[in-house]
Amino acid sequence: RKEVEQDPGPFNVPEGATVAFNCTYSNSASQSFFWYRQDCRKEPKLLMSVYSSGNEDGRFTAQLNRASQYISLLIRDSKLSDSATYLCVVLRGSSASKIIFGSGTRLSIRP
Amino acid sequence: ETGVTQTPRHLVMGMTNKKSLKCEQHLGHNAMYWYKQSAKKPLELMFVYSLEERVENNSVPSRFSPECPNSSHLFLHLHTLQPEDSALYLCASSQEGASYGYTFGSGTRLTVV
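Chains as they are written, first to last, in the working numbering: chain S, 1 to 111; chain Z, 1001 to 1113.
Quick caveat, the hints were computed from the structure, so don't treat them as lab data. Watch out, some of these pointers could steer you wrong.
For each label pair, taking beta carbons as the anchor points, the in silico distance ranges come out as [unchecked claim]:
(1) Val1055/Z to Pro10/S: 14 to 22 Å
(2) Lys45/S to His1010/Z: 14 to 22 Å
(3) Glu1044/Z to Arg66/S: 21 to 29 Å
(4) Asn1017/Z to Tyr70/S: 44 to 52 Å
(5) Ser53/S to Val1113/Z: 39 to 47 Å
(6) Gly9/S to Glu1067/Z: 33 to 41 Å
(7) Asn1070/Z to Lys2/S: 33 to 41 Å
(8) Arg1063/Z to Glu56/S: 40 to 48 Å
(9) Arg1009/Z to Arg66/S: 28 to 36 Å
(10) Pro1008/Z to Ser53/S: 25 to 33 Å
(11) Pro1008/Z to Gln69/S: 49 to 57 Å
(12) Gln1095/Z to Gln69/S: 42 to 50 Å
(13) Pro1069/Z to Pro10/S: 14 to 22 Å
(14) Met1015/Z to Glu56/S: 49 to 57 Å
Only pairs whose alpha carbons sit at most 16 Å apart, straight line, appear in this in silico EDC-like list of lysine to aspartate or glutamate [said to hold, decoys possible]:
(15) Lys2/S to Asp1085/Z
(16) Lys1022/Z to Glu1096/Z
(17) Lys1040/Z to Asp39/S
(18) Lys45/S to Asp82/S
(19) Lys1019/Z to Glu1096/Z
(20) Lys1041/Z to Glu5/S
(21) Lys1018/Z to Glu1067/Z
(22) Lys79/S to Glu15/S
(23) Lys45/S to Glu15/S
(24) Lys1040/Z to Asp1085/Z
(25) Lys1018/Z to Asp1085/Z
(26) Lys98/S to Glu3/S
(27) Lys1040/Z to Asp7/S
(28) Lys98/S to Glu1044/Z
(29) Lys1036/Z to Glu1056/Z
(30) Lys42/S to Glu3/S
(31) Lys1041/Z to Asp7/S
(32) Lys98/S to Glu1056/Z
(33) Lys1041/Z to Asp1085/Z
(34) Lys98/S to Glu1096/Z
(35) Lys1019/Z to Glu1067/Z
(36) Lys1040/Z to Glu1084/Z
(37) Lys1041/Z to Asp39/S
(38) Lys79/S to Asp39/S
(39) Lys1036/Z to Asp1085/Z
(40) Lys1036/Z to Glu1084/Z
Each residue gets a CB set at the ideal place from its N, CA and C atoms; glycine is no exception.
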């Protein structure tokens, strides 16, 4: 079993729709959580950190469920420019080498 | 511009060549990383340098040789590569502990012919 698992998709949704991704992690000692976005043939970029109480940044909402060991990303009123691969990232310790990337969920927004 | 600069952006090399990838960060971070991303595969961690010491080497073949002369610069020396080494090579930096996440460079797209 992978330490960080994501549904690979692709999710194909119409512009304006709400879409949600989940990511599960296996190590209960994981400490920090992030969502990254990667456009085709580009580098991953930090979208948002995920805090225990949940957090929102514009149309994006991230939530953490430690009991069930998953994090989620909700995108409201999706735009064409949201089309990308979304990477779930988990930091499972305090060392720089303990960051684990999920395989990514591909999202395609259609007009 | 993310604050992490990688050169070259594209590289084509023969299997007998020797080349080097360069990464420079201007963010004051003290940890730097090399990742490999092959088509349709997740990111694979190759090397981690923290405070200029190599702290992780994920069973990477010896034809890849990293060098970290200071906290702002990271190199990946390549020699006698194989076609399956063709991939996007990403450099990243963070503060030690990475609790604020990574910043990636734009990557070097390597093709081995």
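Going through the hints against the structure:
Between valine 1055/Z and proline 10/S, the C-beta spacing of about 36 Å breaks the proposed range 14 to 22 Å. Checked against the given bound of 14 to 22 Å, the beta carbons of lysine 45/S and histidine 1010/Z, roughly 20 Å apart, stay inside it. Checking the proposed 21 to 29 Å range against glutamate 1044/Z and arginine 66/S shows it holds: the Cβ atoms sit about 27 Å from each other. At roughly 45 Å, the beta-carbon separation of asparagine 1017/Z and tyrosine 70/S lies within the given 44 to 52 Å, and the hint holds.
The hint said 39 to 47 Å for the Cβ distance between serine 53/S and valine 1113/Z, and at roughly 52 Å that hint is violated. The supplied range of 33 to 41 Å is met by glycine 9/S and glutamate 1067/Z, whose beta-carbon atoms lie about 38 Å from each other. Distance hint for asparagine 1070/Z and lysine 2/S: a CB-CB separation of about 35 Å, consistent with the stated range 33 to 41 Å. Distance hint check for arginine 1063/Z and glutamate 56/S: the Cβ-Cβ separation is about 46 Å, which falls inside the suggested range of 40 to 48 Å.
Take arginine 1009/Z and arginine 66/S: their Cβ atoms lie about 40 Å apart, and the range 28 to 36 Å is violated. Between proline 1008/Z and serine 53/S the beta carbons are some 44 Å apart, a value that contradicts the proposed interval 25 to 33 Å. At about 41 Å, the beta-carbon gap between proline 1008/Z and glutamine 69/S misses the expected band of 49 to 57 Å. For glutamine 1095/Z and glutamine 69/S, the Cβ-Cβ distance of about 25 Å falls outside the hinted range of 42 to 50 Å, so the restraint is violated.
The beta-carbon spacing between proline 1069/Z and proline 10/S, approximately 42 Å, falls outside the hinted interval of 14 to 22 Å. Separated by about 50 Å at the C-beta atoms, methionine 1015/Z and glutamate 56/S satisfy the suggested range of 49 to 57 Å. Under the criterion of a C-alpha separation no larger than 16 Å, the hint pairing lysine 2/S with aspartate 1085/Z is inconsistent with the structure, at around 23 Å. Straight-line distance between C-alpha atoms of lysine 1022/Z and glutamate 1096/Z comes to about 21 Å, which puts the hinted pair past the 16 Å bound.
For the proposed pair lysine 1040/Z and aspartate 39/S, the alpha carbon gap of about 13 Å is at most 16 Å, so the pair holds. At most 16 Å may separate the alpha-carbon atoms for a hinted pair to count; lysine 45/S and aspartate 82/S meet this at roughly 13 Å. Distance check on the hinted pair: lysine 1019/Z and glutamate 1096/Z sit about 29 Å apart at the alpha-carbon level, beyond 16 Å; violated. Between lysine 1041/Z and glutamate 5/S the alpha-carbon distance is near 13 Å, which keeps this suggested pair within the 16 Å criterion.
Note on lysine 1018/Z and glutamate 1067/Z: the hinted pairing holds, with a Cα-Cα distance of about 15 Å set against a maximum of 16 Å. With a C-alpha separation of about 5 Å, the suggested pair lysine 79/S and glutamate 15/S falls inside the 16 Å cut-off, and the hint holds. Of the supplied pair hints, the one linking lysine 45/S and glutamate 15/S is violated, its CA atoms being roughly 22 Å apart against a limit of 16 Å. Between lysine 1040/Z and aspartate 1085/Z the alpha-carbon distance is near 14 Å, which keeps this suggested pair within the 16 Å criterion.
Straight-line distance between C-alpha atoms of lysine 1018/Z and aspartate 1085/Z comes to about 14 Å, which keeps the hinted pair within the 16 Å bound. Note on lysine 98/S and glutamate 3/S: the hinted pairing holds, with a Cα-Cα distance of about 11 Å set against a maximum of 16 Å. For the proposed pair lysine 1040/Z and aspartate 7/S, the alpha carbon gap of about 14 Å is at most 16 Å, so the pair holds. Pair hint lysine 98/S plus glutamate 1044/Z holds up; C-alpha atoms about 13 Å apart against a cutoff of 16 Å.
With a CA separation close to 14 Å, the supplied pair lysine 1036/Z and glutamate 1056/Z stays within the 16 Å bound. Distance check on the hinted pair: lysine 42/S and glutamate 3/S sit about 24 Å apart at the alpha-carbon level, beyond 16 Å; violated. Proposed proximity of lysine 1041/Z and aspartate 7/S is supported: the alpha carbons are some 14 Å apart, at most 16 Å. For the hint pairing lysine 98/S with glutamate 1056/Z, the CA-to-CA distance comes to about 10 Å; that is within 16 Å, so the pair holds.
The suggested pairing of lysine 1041/Z with aspartate 1085/Z holds, with an alpha-carbon distance near 13 Å, which does not exceed 16 Å. Taken as a hint, the lysine 98/S and glutamate 1096/Z pair is honoured in the structure, with Cα atoms around 11 Å apart against an allowance of 16 Å. Pair hint lysine 1019/Z plus glutamate 1067/Z holds up; C-alpha atoms about 13 Å apart against a cutoff of 16 Å. As the CA atoms of lysine 1040/Z and glutamate 1084/Z are separated by approximately 14 Å, the hinted pair is consistent with the 16 Å bound.
Distance check on the hinted pair: lysine 1041/Z and aspartate 39/S sit about 14 Å apart at the alpha-carbon level, within 16 Å; holds. Annotation: proposed proximity of lysine 79/S to aspartate 39/S holds, straight-line Cα distance about 14 Å (limit 16 Å). The suggested pairing of lysine 1036/Z with aspartate 1085/Z holds, with an alpha-carbon distance near 9 Å, which does not exceed 16 Å. Restraint check for lysine 1036/Z and glutamate 1084/Z: the C-alpha separation of about 12 Å stays at or below 16 Å, so the hint holds.
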